[in-house]
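Chemist: Each residue of the sequence shown is one higher than the last, beginning at 1 in full-length UniProt numbering.
Hints were generated in silico from the structure; no laboratory data involved. Accuracy of the hints is not assured; some may be wrong.
[What the hints assert, rightly or not] The calculated label-pair distances, taken between Cβ atoms and stated as ranges, are: (1) S148 <-> N91: 22 to 30 Å; (2) I178 <-> N47: 25 to 33 Å; (3) K11 <-> Q136: 15 to 23 Å; (4) K155 <-> G48: 17 to 25 Å; (5) V120 <-> N147: 20 to 28 Å; (6) D123 <-> D171: 33 to 41 Å.
[To be verified] Cross-link-like lysine-lysine pairs, in silico, DSS-like; alpha carbons within 30 Å at most: (7) K126 <-> K62; (8) K49 <-> K126; (9) K126 <-> K143; (10) K143 <-> K25; (11) K66 <-> K132; (12) K11 <-> K128; (13) K66 <-> K11; (14) K49 <-> K167; (15) K25 <-> K49; (16) K66 <-> K25; (17) K143 <-> K62; (18) K61 <-> K11.
In this text, a Cβ means the ideal position worked out from N, Cα and C, and glycines have one as well.
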Amino acid sequence: MESMILTHTLKGKIWFMCPITLISKTTNYIAFRISVGSPVYRAVASNGKNASLDATHWYLKKGDWKNNNLTYLVPYDEYVGYGVITDRHNNIGYYYLNFQDLIQVSENVVNTLDFELDFVITDYEKQKYFWKDADQFHDLRSKHIFNSAAMENIKLDERELLESFEKYKADLDTFGTINIESPSIEEFQKHIPFDLYKEFIE
């Protein structure tokens, strides 16, 4: 399977970066996985703690993607990514809808920005769900951190979200249980375009 890079960018700078494995790419969506053990680079403040999206300065600190695999199915025209969490043996744990900017796909890079808001579905059949980081999202939204088009078009109605999720659940279940080997750091570096790598190391 093809390896790519997932980036989140804020104010033209990289906020998050990690290797992903491309699972499917259709005219409607892209599906990919962040595998357990993969190297990740996260934005941190000068004190070494995770930076907030309202930060003015940050740098990237290397870590690892721990504990689970995360498989995403992201429609090109929606401000949400549909995710499924699985363990190392690809057993499904739970689902969640990750609110984010519209996805941009180039040759080797998938780019977006996480809005720090999740709609977590712990049991779809019993309609059990909860909101994660809602207070943080509304605080950032009040500070106009996110682009206005996204905030005008984002959907927060729970019934609509469950209906949207239902459209993709079957594909997500299939993609989430595929056996995929974690990309190596060498594979990660090989696919970083020079201009992106230059920005990253500087």
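Chemist: Would you mind marking each hint as holding or not holding in the structure?
Modeler: Here's how the hints hold up against the structure:
Distance hint check: the CB atoms of S148 and N91 are about 41 Å apart, inconsistent with the given range 22 to 30 Å. Hint check: I178 to N47, Cβ distance near 39 Å, so the stated range 25 to 33 Å is violated. Distance hint check: the CB atoms of K11 and Q136 are about 18 Å apart, consistent with the given range 15 to 23 Å. The beta-carbon spacing between K155 and G48, approximately 36 Å, falls outside the hinted interval of 17 to 25 Å.
The supplied range of 20 to 28 Å is met by V120 and N147, whose beta-carbon atoms lie about 24 Å from each other. Between D123 and D171 the beta carbons are some 19 Å apart, a value that contradicts the proposed interval 33 to 41 Å. For a cut-off of 30 Å, the pair hint linking K126 to K62 is broken: about 38 Å separates their Cα positions. For the hint linking K49 to K126, the alpha-carbon distance of about 37 Å lies beyond 30 Å, and the restraint is violated.
Restraint check for K126 and K143: not satisfied, since their Cα atoms lie roughly 36 Å apart, outside the 30 Å limit. Between K143 and K25 the alpha-carbon distance is near 35 Å, which puts this suggested pair outside the 30 Å criterion. In summary, the hint linking K66 to K132 is supported, as the alpha carbons are separated by about 19 Å, within the 30 Å threshold. Restraint check: the Cα-Cα separation between K11 and K128 comes to about 36 Å, which exceeds 30 Å; the hinted pair is violated.
Pair hint K66 plus K11 holds up; C-alpha atoms about 28 Å apart against a cutoff of 30 Å. Using a Cα cut-off of 30 Å, the hinted pair K49 and K167 is violated, with the two alpha carbons roughly 38 Å apart. Note on K25 and K49: the hinted pairing is violated, with a Cα-Cα distance of about 35 Å set against a maximum of 30 Å. At most 30 Å may separate the alpha-carbon atoms for a hinted pair to count; K66 and K25 meet this at roughly 26 Å.
A threshold of 30 Å between alpha carbons decides the hint, and for K143 with K62 the separation of about 28 Å falls inside it, so the pair holds. Restraint check: the Cα-Cα separation between K61 and K11 comes to about 18 Å, which is no more than 30 Å; the hinted pair holds.
In the structure shown, a violation is registered for the earlier hints numbered 1, 2, 4, 6, 7, 8, 9, 10, 12, 14, 15, in ascending order.
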